[in-house]
Amino acid sequence: MSEKFDVIVVGAGPAGTSCAYVCAKNGLKVLQIERGEYPGSKNVMGGVLYRKQMEEIIPEFWKEAPLERPVIEQRFWMMDKESSVSFGYKGLEWGKEPYNNFTVLRAPFDQWFANKGVEQGVLLINETVVLECLTENGKVVGVRTDRPDGDVFADVVVLADGVNSLLAKQLGYHKEFRPDEVALTVMEVVNLTKDKINDRFNLEDNQGCTIEIFGDSTKGNLGTAFIYTNKESINIGVGTTLSSMIKAKMKPYDLLDYLKNHPMVRPLIEGGESAEYLAHLIPEGGYHSVPKVAGNGVLLVGDAAQLVNAIHREGSNMAMASGKMAAETIIEAKSRGDFSEASLNQYREALYQSFIIKDLEKYKDAAHTFEHYPQYFKEYVPMMNRAASKFFTVDGTPKKEKQKEIMKSFTSGRGTIRILQDMYRAWKAVK
Amino acid sequence: MHIVVCVKQVPDTKIIKINPKTNTLDRRSAPAILNPYDAHAVQEAVKIKKELGKGTISVLSMGPPQATAVIKKSIEIGADRGFLISDRAFAGADTLATSYALSKALGRISKEMPVDLIMCGKHAIDGDTGQVGPGIARRLDIPPVTNVIEVSELNESENKVLLKRKIMNGYELIQAQIPCLLTVEKDINSIEYAPMSNMIKAARYEPVIWSVNDLEDVDRTQLGLKGSPTIVGKMFTPPKPEGGKRLEGTPEEQVKQLMGLLSDKKELFLSQ
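So the sequences go chain by chain: A and B. For the first sequence, position 296 (counting from the first letter as 1) is numbered 280 according to the numbering used here, and the numbering increases by one without interruption. For the second sequence, position 88 (counting from the first letter as 1) is numbered 70 according to the numbering used here, and the numbering increases by one without interruption.
These are computed hints drawn from the structure, not numbers from a lab. Predicted model, so just to flag it, every value in this text is computed and none were measured. In this text, a Cβ means the ideal position worked out from N, Cα and C, and glycines have one as well. Honestly, I wouldn't trust all of these hints.
What the hints assert, rightly or not - Below, computed lysine to aspartate or glutamate pairings styled on EDC-like, alpha-carbon distance capped at 16 Å:
id, chain 1, residue 1, chain 2, residue 2
1, B, K(-1), A, E260
2, B, K183, A, E260
3, A, K244, A, E111
4, A, K244, A, E298
5, B, K54, A, E111
6, A, K36, A, E21
7, B, K54, A, E21
8, B, K183, A, D133
9, A, K80, A, D164
10, B, K146, B, D169
11, B, K31, B, E135
12, B, K227, B, D246
13, B, K(-4), B, D110
14, A, K180, A, E260
15, B, K183, A, D135
16, B, K(-1), A, E257
17, A, K80, A, E57
18, A, K36, A, E385
19, B, K183, A, E111
Unchecked claim - In silico contact screen, one side only, chain A against chain B (beta carbon under 7 Å); selected entries:
id, residue
20, L108
21, I109
22, V113
23, T129
24, R131
25, P132
26, D133
27, G134
Unchecked claim - Some chain B residues well away from chain A (every beta-carbon gap over 10 Å; in silico):
id, residue
28, K(-4)
29, N5
30, D98
31, Q113
32, S179
Produce the entire structure from the sequences given, and follow the hints as far as they go.
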């Protein structure tokens, strides 16, 4: 006879662990099931952890969590073939408490976080795959694992099984992705000494830098590349929507190689040793792709609920916040003794009132706009580079004339009307 | 039947890196795991208990507090309970001091429940010495049987066990008196995929942790670094094998060449 839990959480990433942690802290009996050898062994993200949402779960986590560097500088590059227009912000206040965000390596961080849950009483089981949700009269009552006598039961099952949530698909909440709804990101962890990183990125020991790169980093396709500094390694990666990859007949690892050998990027990683190679699907459908998130005895959190802000590259923070909201809903549902869809829909309401859905809604047409009108990445980035080159090259031409020429080169390329159209469209998409 | 399995937490040597300067293992470069041979020892104990239909399996380990992870792993495989001896006094122990400390812990375990069988892996993958098992047997004055590949017959009423052990060119059958100590090879069994109930039990399980003060009649000079006469003279990484022959051509051609080379080496197929 299998015992019954209050909550079963499937997955030990940021969303699942946030939910399990908060539930256990409030006295619920929680079973968390992870398919990897340990939490974090199968998890992938670019590598930036946002302080705010983590702090709401574990205050002052930076005092003990295995973090790499606090991010004190964010750079943005509009990159062309042999040039780049960049802007950014560096603030030393981000290097002090309470910090802004941190670079992290997922394997140690997720392990630490899951272990905090275990300290609160979560029963964490690794190396176990959940095959399906068990349902009874339309209500999810537990899960079936791949282990002998593998059925376990609970009042609520939380699906935190990632972007390609097979369990949500089985329940009919997800459909198969369209290629423009997911991005494929490939990344490498490149080992470099601390001194080299500090020199190349103009940092001190406990300072980190992130660079987001647009334009030629994806050969002008919809997507971005990133470079994040860890203590003694660098995360470098690039992602584009599957649809643009198919259209441009690009292979993801070729694109990463292209990026690593780009003259603007190569000097930063020169001499580094590739330590890890990772690839991950990222839901980018945004607002339009958010599935049903609450059902009878079941909730979806994090990537499984497609909660990713593609424009701002935020995902882990939404995962944590959604995990916490799910937990709060479950705690109240438990006090009412009602785990029906109507009762659990409180989670959906919380989600829709929070920054998560509001942000996703703000950008609901952005990815689509940029995908549909490739000129933003393909034409404007090179145009900006040409303009900057012209403006900053000292060649005896009066500056006023240069400005005129630049304006002319803009309008002669795409025409004034089309530029105005493009600007309006972009503004509408992100306003 | 009360079986005690001695287990050790080791770095996963499949992926561990060697510090090129000191020639020592860089333990941070690999996750800590249950020594694979010990896992087979636990699995064999589970098998014996299942066949007898009754019994208790205890696991015993020595190490830092985080070594409780290998006890939990043993519970997943099917052990009933676990003990960890953990104390600064044990630190830096070689095989002599380790077997001394473990035999003292076994003394305490058997006081509460007499021990019939002690099982160990044939060696730990980080040290490869294979001395701790026989060292324990010697101190407890029971027969050690090393390199066991099969527990062929276990007669509880006559306190006898028939064992198959691996030797250079085959195996030998040995009958041993219970209590005795076995060290096992990997071939003895395959690790089964543990049932969900074991996983939940292991996740919940809190191993008993003993310090040196919890053990009786301990001569502290025989513990830890003090009790370890082993001196490491020199450490080196074995050189990569050289020589050999590289086959060129398409896969089909290479296979053809390989088959030709193999069929010329008749001695490969004649032994056993």
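Quiz item: Looking back at the numbered hints, which does the structure fail to meet, lowest number first?
Solution: Checked against the structure, the hints that fail are numbers 2, 3, 4, 6, 9, 14, 18, 22, 32, while the rest are satisfied.
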